[in-house]
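In order, the protein sequences belong to chains V and U.
Each number in our numbering corresponds to the 1-based position in the first sequence with 11 added.
Each number in our numbering corresponds to the 1-based position in the second sequence with 11 added.
The hints are all genuine.
The list treats identical chains as one, so a pair stands whether inside a single copy or across any two.
Calculated lysine to aspartate or glutamate pairs in the EDC-like style (CA-CA distance at most 16 Å, straight line): (1) Lys357 with Glu39; (2) Lys235 with Asp215; (3) Lys261 with Asp434; (4) Lys291 with Asp311; (5) Lys320 with Glu296; (6) Lys299 with Asp267; (7) Lys304 with Asp267.
Keep in mind that the hints were calculated from the coordinates and are not lab data.
Protein chains: 2
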Amino acid sequence: MPDDPQAQNDLSAAMTALGRNARAAAAELSRAPTGARNAALLAAAEALVDRERAILAANAKDVKAARAEGQDDAFIDRLLLTAKVVEEMALGLRQVAALPDPVGEVTDLAFRPSGIQVGRMRVPLGVVAIIYESRPDVTADAGALCLKSGNACILRGGSEALNSNQAIAACLAVGLKAAGLPEAAIQLVATTDRQAVGALVTMDQYIDMVVPRGGKGLIERVAKEARVPVLKHLDGVCHVYVDDGADLGKALRIADNAKTQRYGTCNTMETLLVAVAEAKAFLPEIAKVFVAKGVEMRADPGAMAFLPKGAAIAATEEDWYAEYLAPVIAIRVVAGLDEAIAHIAKYGSQHTDAIVTEHGPRARRFLREVDSASVMVNASTRFADGFEYGLGAEIGISTNKLHARGPVGLEGLTSQKWIVLGDGHVRS
Amino acid sequence: MPDDPQAQNDLSAAMTALGRNARAAAAELSRAPTGARNAALLAAAEALVDRERAILAANAKDVKAARAEGQDDAFIDRLLLTAKVVEEMALGLRQVAALPDPVGEVTDLAFRPSGIQVGRMRVPLGVVAIIYESRPDVTADAGALCLKSGNACILRGGSEALNSNQAIAACLAVGLKAAGLPEAAIQLVATTDRQAVGALVTMDQYIDMVVPRGGKGLIERVAKEARVPVLKHLDGVCHVYVDDGADLGKALRIADNAKTQRYGTCNTMETLLVAVAEAKAFLPEIAKVFVAKGVEMRADPGAMAFLPKGAAIAATEEDWYAEYLAPVIAIRVVAGLDEAIAHIAKYGSQHTDAIVTEHGPRARRFLREVDSASVMVNASTRFADGFEYGLGAEIGISTNKLHARGPVGLEGLTSQKWIVLGDGHVRS
Numbered sequence: 012m013p014d015d016p017q018a019q020n021d022l023s024a025a026m027t028a029l030g031r032n033a034r035a036a037a038a039e040l041s042r043a044p045t046g047a048r049n050a051a052l053l054a055a056a057e058a059l060v061d062r063e064r065a066i067l068a069a070n071a072k073d074v075k076a077a078r079a080e081g082q083d084d085a086f087i088d089r090l091l092l093t094a095k096v097v098e099e100m101a102l103g104l105r106q107v108a109a110l111p112d113p114v115g116e117v118t119d120l121a122f123r124p125s126g127i128q129v130g131r132m133r134v135p136l137g138v139v140a141i142i143y144e145s146r147p148d149v150t151a152d153a154g155a156l157c158l159k160s161g162n163a164c165i166l167r168g169g170s171e172a173l174n175s176n177q178a179i180a181a182c183l184a185v186g187l188k189a190a191g192l193p194e195a196a197i198q199l200v201a202t203t204d205r206q207a208v209g210a211l212v213t214m215d216q217y218i219d220m221v222v223p224r225g226g227k228g229l230i231e232r233v234a235k236e237a238r239v240p241v242l243k244h245l246d247g248v249c250h251v252y253v254d255d256g257a258d259l260g261k262a263l264r265i266a267d268n269a270k271t272q273r274y275g276t277c278n279t280m281e282t283l284l285v286a287v288a289e290a291k292a293f294l295p296e297i298a299k300v301f302v303a304k305g306v307e308m309r310a311d312p313g314a315m316a317f318l319p320k321g322a323a324i325a326a327t328e329e330d331w332y333a334e335y336l337a338p339v340i341a342i343r344v345v346a347g348l349d350e351a352i353a354h355i356a357k358y359g360s361q362h363t364d365a366i367v368t369e370h371g372p373r374a375r376r377f378l379r380e381v382d383s384a385s386v387m388v389n390a391s392t393r394f395a396d397g398f399e400y401g402l403g404a405e406i407g408i409s410t411n412k413l414h415a416r417g418p419v420g421l422e423g424l425t426s427q428k429w430i431v432l433g434d435g436h437v438r439s
Numbered sequence: 012m013p014d015d016p017q018a019q020n021d022l023s024a025a026m027t028a029l030g031r032n033a034r035a036a037a038a039e040l041s042r043a044p045t046g047a048r049n050a051a052l053l054a055a056a057e058a059l060v061d062r063e064r065a066i067l068a069a070n071a072k073d074v075k076a077a078r079a080e081g082q083d084d085a086f087i088d089r090l091l092l093t094a095k096v097v098e099e100m101a102l103g104l105r106q107v108a109a110l111p112d113p114v115g116e117v118t119d120l121a122f123r124p125s126g127i128q129v130g131r132m133r134v135p136l137g138v139v140a141i142i143y144e145s146r147p148d149v150t151a152d153a154g155a156l157c158l159k160s161g162n163a164c165i166l167r168g169g170s171e172a173l174n175s176n177q178a179i180a181a182c183l184a185v186g187l188k189a190a191g192l193p194e195a196a197i198q199l200v201a202t203t204d205r206q207a208v209g210a211l212v213t214m215d216q217y218i219d220m221v222v223p224r225g226g227k228g229l230i231e232r233v234a235k236e237a238r239v240p241v242l243k244h245l246d247g248v249c250h251v252y253v254d255d256g257a258d259l260g261k262a263l264r265i266a267d268n269a270k271t272q273r274y275g276t277c278n279t280m281e282t283l284l285v286a287v288a289e290a291k292a293f294l295p296e297i298a299k300v301f302v303a304k305g306v307e308m309r310a311d312p313g314a315m316a317f318l319p320k321g322a323a324i325a326a327t328e329e330d331w332y333a334e335y336l337a338p339v340i341a342i343r344v345v346a347g348l349d350e351a352i353a354h355i356a357k358y359g360s361q362h363t364d365a366i367v368t369e370h371g372p373r374a375r376r377f378l379r380e381v382d383s384a385s386v387m388v389n390a391s392t393r394f395a396d397g398f399e400y401g402l403g404a405e406i407g408i409s410t411n412k413l414h415a416r417g418p419v420g421l422e423g424l425t426s427q428k429w430i431v432l433g434d435g436h437v438r439s
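Put together the whole structure using the sequences plus the hints.
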């Protein structure tokens with residue numbers, strides 16, 4: 012709580028106004044035809060290109076201030092916009108415009124014995140709040156996905172990117188205006204007051220879903236304080252299990268790709284499980300790859316026995332829970348499928364887990380019994396991604412079990428209502 | 012908080028044990044074939060029939076105690092079991108056994124440009140807690156739906172029905188045992204301590220969803236305290252709008268049925284909206300029906316002008332928000348579709364709303380723009396029901412916007428995970 016009750020009141024009034032405006036805009040958007048929403052996206056893309064210079068100037072201010080504050084290179088890297096990034100944002104808006112409209116899709120419409128027809132219609136959620144860190148390109152991306160799916164949105168980016176975000180949001184506003192849509196369809200929280208996040212995530216009368224995008228600290232804070240449903244992604248402790256009789260060529264390719272293609276992503280493998288029957292043949296080969304690429308191996312005694320001397324250190328209990336997001340991997344030898352499934356159930360994060368196997372029935376069991384958002388057979392965990400899954404866009408990856416699991420595209424920003432068609436039908 | 016810290020510790024330990032056992036049972040259930048779950052349901056049905064006498068004896072104890080406590084007739088009515096109710100419970104279990112298994116259904120499996128196949132598999136949520144009042148038949152019904160959908164469940168019925176619930180739960184346990192499934196798949200909370208509910212709805216490490224079934228007080232309490240997602244149904248302020256040029260024969264039939272077929276259900280119409288163009292012809296006719304059936308009318312000035320003198324009283328602002336659940340109706344004359352939609356958006360509860368119209372484009376607008384769980388054209392709001400919609404069962408009606416809206420059947424007790432099939436595919 013801030014010390015100044017007046018400041019608290021002002022913030023609260025400002026947030027309520029944002030919420031109320033968003034709710035009104037959502038009602039208008041729910042009536043807006045596909046064409047208007049697409050026109051707004053295309054006009055916003057044009058505005059981004061036209062105003063590139065102004066956007067870069069605003070960004071330069073943010074970068075300068077962040078440097079003065081002593082932010083590190085990685086932070087500046089995420090904050091920095093270039094002409095190329097602005098072009099990519101514009102391209103992103105055009106791609107979203109080209110996606111099929113999820114809103115209004117009617118499915119499963121069928122006659123019932125009573126004579127009524129019953130079906131489902133896909134509709135926007137209403138108002139979505141996106142809370143993110145100092146990555147200004149998220150402003151364009153998240154705003155576009157919400158608009159496309161007919162949702163009003165409230166964007167709260169990192170305070171260090173406020174000038175950049177305002178410059179980008181202004182382009183989105185140009186697009187909305189050009190298409191005759193309410194400007195409150197996409198609102199940026201203008202204050203840098205950290206209390207704003209707490210206010211947003213508790214306004215359940217105005218906001219239907221919150222999507223935090225950023226590091227674990229941000230997501231945990233939002234999840235803890237929220238009274239609004241949160242589409243959240245916590246840990247990504249992903250496993251690859253190399254089964255008895257696996258094709259070791261495939262296993263090598265998949266384990267290498269799942270670990271080393273990118274170290275910092277949530278769908279990167281963190282623990283490699285190997286059936287004891289394959290340990291002797293497989294572990295020395297994969298160790299060569301990891302050693303060559305500088306991946307630190309932390310092994311249980313069963314795995315250690317088959318790794319080159321000194322190549323690995325002993326894993327501790329914590330290693331099985333760890334999401335390294337770094338060139339480090341935990342390796343364990345298991346008796347077989349049952350032990351692999353039990354390990355994943357105990358230590359995993361229900362994100363993405365893969366089996367490498369040639370054995371049909373064991374693949375079938377793994378698919379059924381591993382309770383993760385993405386379960387894979389003979390494929391790299393790195394495929395867990397909205398674009399790879401054909402969603403055309405990705406608002407985030409969910410480790411929730413309700414509403415949406417795994418990569419979430421436009422569909423995750425909608426729900427289905429029931430529609431009933433009759434001709435004077437009554438219930439008897 | 013109870014005064015006795017020891018009692019609090021005991022309760023907490025007992026609830027944790029329930030949660031842990033449920034989680035373990037859920038893992039077993041996720042592997043159990045359809046046949047085993049159905050066999051358990053059929054054996055439980057048989058046990059209900061076999062043990063009818065013991066169930067009625069347990070129920071007689073509960074009824075006697077409730078009478079001694081001075082509970083009213085309506086309460087006793089809900090609590091009372093008869094031979095017929097026991098038979099119906101058994102029949103209900105057999106019907107659930109006969110429903111198609113939602114678990115494991117794979118949809119949308121398709122090849123992606125990378126060569127992987129991506130699809131979705133329907134899976135149980137895990138552990139579901141059902142919190143209900145003193146209606147012992149819910150024990151059989153809710154337990155059956157959770158079991159069928161592969162979820163372990165924790166049942167917390169009203170404390171006045173504890174003996175009855177235990178007798179019924181014992182039959183479900185017989186079924187589970189006969190089918191070789193873990194008895195902890197269906198657990199009944201044995202304590203009558205009211206703190207148990209608070210403990211249940213905050214155990215997010217063990218429970219994936221809470222379904223409160225009962226009056227508004229119960230649901231509000233659960234929603235307020237819960238840290239676990241709640242499948243909830245709050246108000247049902249349902250509207251029928253009679254449009255310009257509606258077929259007044261259909262309008263009369265639908266308004267009559269929507270209001271008077273049953274007064275106490277959530278899908279009963281509470282407010283009738285009439286386009287001004289039809290007010291003169293329609294209102295005197297529907298008034299005859301309502302007068303004949305003893306339905307109290309509360310009208311705005313526009314409607315009052317067309318109702319027989321003294322037949323209605325003046326509606327107040329509160330009437331438009333009211334869920335009467337009684338032979339009372341609010342009636343308002345509106346200019347047309349826009350005003351009707353605006354009224355529903357302002358005063359409605361996003362449950363079920365219907366338009367009576369012969370006009371295609373206005374029907375299309377109503378379907379699209381009314382943001383309710385069920386939106387109907389020329390049909391009675393009373394159709395908003397899992398059985399009428401063909402779900403085969405109903406765990407509840409949801410006014411949530413995420414996960415499941417409207418009548419919720421077995422599908423609402425499941426979610427979809429992604430499955431990916433490859434043959435050594437890696438991401439490039």
